[in-house]
Structure formats: C-alpha cells, structure tokens
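Chain order of the listed sequences is A and B. According to this note's numbering, the first sequence is numbered sequentially starting from 228. According to this note's numbering, the second sequence is numbered sequentially starting from 228.
These are computed hints drawn from the structure, not numbers from a lab. One or more of the hints may lead you astray.
[Stated by the list, open to error] Computed footprint of chain B on chain A, listed as stretches where at least three residues anywhere in the stretch have a Cβ under 8 Å from a Cβ of chain B:
id	region
1	291 to 299
2	380 to 388
3	405 to 415
The structure presented is a predicted model; accordingly, all values stated were derived computationally and were not measured. No residue lacks a Cβ here, since even glycine has one placed at the ideal position from N, Cα and C.
One letter stands for each residue in the lines below.
There are 2 protein chains.
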Amino acid sequence: MESFFTFLEKRVADCSSLLCIGLDPHLSDLQTPNAAGALASCLNLVKKTAPYAAAFKPNAAFFEQFGAPGWEALKQVIDAVRNESQRQGSLIPVILDAKRGDIASTAVAYAKSAFTTLGAHAVTLSPYLGKDSIDPFLTDREKGAFILCKTSNPGAVDLQDLPVLESDPDVNQGNRAVQPLYLVVARLAQSWNTLGNIGLVVGATQPEALARVRAVAPGLWFLAPGLGAQGGGMKDALHAGLRPDGKGMLLPVSRGIARAADPAMAAAKLRDEIFNIMYRRER
Amino acid sequence: MESFFTFLEKRVADCSSLLCIGLDPHLSDLQTPNAAGALASCLNLVKKTAPYAAAFKPNAAFFEQFGAPGWEALKQVIDAVRNESQRQGSLIPVILDAKRGDIASTAVAYAKSAFTTLGAHAVTLSPYLGKDSIDPFLTDREKGAFILCKTSNPGAVDLQDLPVLESDPDVNQGNRAVQPLYLVVARLAQSWNTLGNIGLVVGATQPEALARVRAVAPGLWFLAPGLGAQGGGMKDALHAGLRPDGKGMLLPVSRGIARAADPAMAAAKLRDEIFNIMYRRER
Numbered sequence: 228m229e230s231f232f233t234f235l236e237k238r239v240a241d242c243s244s245l246l247c248i249g250l251d252p253h254l255s256d257l258q259t260p261n262a263a264g265a266l267a268s269c270l271n272l273v274k275k276t277a278p279y280a281a282a283f284k285p286n287a288a289f290f291e292q293f294g295a296p297g298w299e300a301l302k303q304v305i306d307a308v309r310n311e312s313q314r315q316g317s318l319i320p321v322i323l324d325a326k327r328g329d330i331a332s333t334a335v336a337y338a339k340s341a342f343t344t345l346g347a348h349a350v351t352l353s354p355y356l357g358k359d360s361i362d363p364f365l366t367d368r369e370k371g372a373f374i375l376c377k378t379s380n381p382g383a384v385d386l387q388d389l390p391v392l393e394s395d396p397d398v399n400q401g402n403r404a405v406q407p408l409y410l411v412v413a414r415l416a417q418s419w420n421t422l423g424n425i426g427l428v429v430g431a432t433q434p435e436a437l438a439r440v441r442a443v444a445p446g447l448w449f450l451a452p453g454l455g456a457q458g459g460g461m462k463d464a465l466h467a468g469l470r471p472d473g474k475g476m477l478l479p480v481s482r483g484i485a486r487a488a489d490p491a492m493a494a495a496k497l498r499d500e501i502f503n504i505m506y507r508r509e510r
Numbered sequence: 228m229e230s231f232f233t234f235l236e237k238r239v240a241d242c243s244s245l246l247c248i249g250l251d252p253h254l255s256d257l258q259t260p261n262a263a264g265a266l267a268s269c270l271n272l273v274k275k276t277a278p279y280a281a282a283f284k285p286n287a288a289f290f291e292q293f294g295a296p297g298w299e300a301l302k303q304v305i306d307a308v309r310n311e312s313q314r315q316g317s318l319i320p321v322i323l324d325a326k327r328g329d330i331a332s333t334a335v336a337y338a339k340s341a342f343t344t345l346g347a348h349a350v351t352l353s354p355y356l357g358k359d360s361i362d363p364f365l366t367d368r369e370k371g372a373f374i375l376c377k378t379s380n381p382g383a384v385d386l387q388d389l390p391v392l393e394s395d396p397d398v399n400q401g402n403r404a405v406q407p408l409y410l411v412v413a414r415l416a417q418s419w420n421t422l423g424n425i426g427l428v429v430g431a432t433q434p435e436a437l438a439r440v441r442a443v444a445p446g447l448w449f450l451a452p453g454l455g456a457q458g459g460g461m462k463d464a465l466h467a468g469l470r471p472d473g474k475g476m477l478l479p480v481s482r483g484i485a486r487a488a489d490p491a492m493a494a495a496k497l498r499d500e501i502f503n504i505m506y507r508r509e510r
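Here chain A stands alone, though its shape is the one from the complex (with noise of 0.2 Å):
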C-alpha cells in the first residue's frame, strides 16, 4: 500500500506546484453568510484554481460555526476536489485543516470523522496529548497527519519556543542540552513515523526555525502556512524549508486567492514563483 506522501508527491509532479489552496469560507468574504454561501464560495475555488493546487486545505472551522449543514457544505466540498481530480485524471488530496488532538479512544472517532465521513486523505493534528493521540491517525497508510510543530502566529512563543532541557541524569544540568518545545515535537513525530505517513505543521514566516525543523526532520513533508498573498518572504521560506530534491514543503494560500479579483491567476502567478524558485536554488 503506498502511502498519503506518495500521492502527494505524484500530484506535485502533475501540476507542477507546492501550493496548497486555502478552503477557509470567511463569513466576511461570503455573498450570503451561511452554509450555502460557504458552499458556493469554496466550490467556484476548487474549480478555478485546482489545475494549480498540489493539495486543498479546508479549515473544519469555518464549517464547523454553521452547525450540521456547515458539515454537510465540508463534505460536499471535499467531494468537489474528488470529482476535480478524476476530470484531471491526478488525485488532488484534501488536507482537512481541523487541529485535532485527543485520547486514544476519541482520537478513533475523529480519525473515522476525517478519513470516512468526510473522505479527506490527511488531517493536522496537535501533539500536546502524544504518541496515543495520533496513532489512530496513522493506522491507514494512504492518509496521512500533519503535527503542528511551530506555527506562526503571535501566541506561537508561549509554549513552542520554551526551553527544554534534555534529561539525562547523568550528565550535570549547566551541561544539559537545551532546546525548543517544537524541535522535541519535531524529533518525537520523526520518531512516530514508522509507517511514513507523518508531516508536520511549520510556519514559513521564520526561515531559521523551518531550517533547525529540515535539520531533524530531513524527510518530512512540511505544511507551511504564513505566506501573504504578495508571496512575501517566499524565498527565504523555499530554501530554509525545502528538501535536496526540490520538495517537502507545502505552501498554504487561503484569502490571498479568494479575495484576488481573479482566483485562478492568483493560483497561477504563486504556482509559477515558487515553482522557479524551487529550480533555481543554489543547491
């Protein structure tokens, strides 16, 4: 059985794109603010722009406020990405943005909520529980979980970047190695990765964490939220985090592409700078 990273990389290869399109219905944005016209937006998204979309990524929620129909909208939208996909003839996966993160038994349903209910192919997922709470997520190798690791929001610093001291009580604690929260979670889900299904959540907004994160987790696929819709700091962000062969980073768009004039070349203009940015990096 392949795993969820194989499809992934098979659909960057068809479309020729790291960008992961936004699916995040703005109340805001919406010509009527409900479950419809969350529907009605996010549909016209995934239409215009999956020709350039190596995955979409609906938030759960942006769903989740409007109740049942709200799911119903989600799971509609998912099914759009599916139908998208076999027009193409290339599975475009839909990474349900949903931030989920509970004890075994509990992490069974919402795995079974994401994966069969919804039929998304890979979710994110919070590490504060451990092991136990992610490993219902990875029992399916074609469905994959990405861990938040270091986000890039301003609250990020309270717990991520703490000092940890490694524990070894046999060496002094002034000789102690000491690290961030978010590079142990990142050697922990490196570690949880046997079935290789796992990727983790990293802001692109701080190139030197996404390079200390690429320096424990050579392999790992990052999710890598915080590029503004002018791309800015997308450079940086593209050589800190991307592996030897080009790939491994997933770039998140969501109001940048929405609220462009003209979704599908927004999609277009970011698929194409990042991807000649990806082949003309000094190696």
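Let chain A serve as the given structure and place chain B on it in line with the hints.
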C-alpha cells in the same frame, strides 16, 4: 456580568455534586450505530442522571464521526440539557469536550460554533498555539474555557512532562529552575485568567500532579477525568485537587455511568461518594 464559574458553583450547590456526566456515545454502546442511536442514548442519559449532574460533558468526536446528522444530534443533546435545567429551575452547564486549538481568526469561528451555534457554556481547549488561540473563547465571561494541562493517557508524558528550563539569562543554566511543561501551562493559564473564566484539565489519576497544579493555580476549577466506574483513587484525587472551600474540581465519568444497569443509581452513588469525601476530608 457573572462568570461561567459563578453559574457552575450555583449548580454545584443546588445538586450537592461535583460529578460531570460525560456524553460519549461509543459506537459499541449504541442500539443503532448512527446519529439517531447516539441521540437516543444521550437523551436517555440526560433524563435519568440530570438530578445528580453538576455539568454535562458531550464529547464532540463521538457526534462528529456521524457527519452532519451527528452535529444535529449534538445540538439536540445540548437543547435537552437546557430543557432539563428549566424543569429543575437550576442551570446545568454544558462543557463541550472539543479540545480545539487554532490561530486567532479560526479560533473565533470555533468559539462561535461551541457557544452560539451549539449553545454550550464552556469548551475544552489545547494550549499548544498559545494565548491568541485561547483569547477568542474568553471574551464573554459567561462562557468558560478549560485548558488541557496534564492528561491521564499514556502519551501525556511525551510533551506534558518535559523539563522546561526557566529562561533567566542572568542565572547560570545549572542553577536555573526546572519544571514540567504542564506546570508552565498551569502558570500561563493562571496569568491569562483576567476575566475569571479559565479552568484546567488535570487528570484525576495522578494525585501528585494534581497537588502541584493546585499549588500554582490555587483558585482555578479543574476538570479531572480518569476516575473508573468504581471510583478508584477518588479520595486521593479529591484530597490533592480540591480547593480549601471544598470546590474547584469537576469529576467527569462517562462509561461508568452510561454502561451501568441503572445509570441514575450509578450517578447518585458516585455523587454521594464524592460529597462524603468533600466534607469529611481533613482541612
């Protein structure tokens, strides 16, 4: 405007209970394994156990796995608790166990989902993304947020027990204080609690951890899961975690009540056992 915890304390006084009844419709417990079966199971449990419930805690995952009909069932379960509250003339708070955690604009949508769309009174949250992922849940004092601190699952040690080094640059590393991550989270939660509507999730199975969290967060309410159907370890947990006023802990029990031959009798018995320990313990 009163805080969520004012409502909770009124309810605790009204029913002489610290019992939080978990509504976790496990597939294997349902007469029909679908949303209708989950709804029927939970409505029955709410009706039978409401007199003994300081709060109800539906777990979103077990509804979410059924897609849109599951979310409709979840809303109906919360409506049923509201109706039961009116019948009793005493508001029974609903804590949505969702463990959400996302960046600010997305957190706004999750808060709307929990508090407005579903009508829950409080929610459980993950701290990994920091303060700005929590703030949107705190803006209405009447709504509460329980932040994951120290959980009782095996994987809890992976992150929560990591030794965090105090980061005072004027002190040599060897002399700096070290504390587990969960205590840092408890201190952060305490410092974020400016409106008085934050609580913590601290597992009941480790009295020593409960006591350490109580020491750094003397006034906060704990949601303390992990007690078995037989109430094993209840006494140690309550002695370690209760505040001097005999309150400050909610004890969630799910399967121990839902799977009992007589759920009302099981709830009444647990309520009384907790009550006896609360008032007989040495101060």
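Taking the numbered hints from earlier one at a time, note which ones the structure violates and give those numbers from smallest to largest.
none
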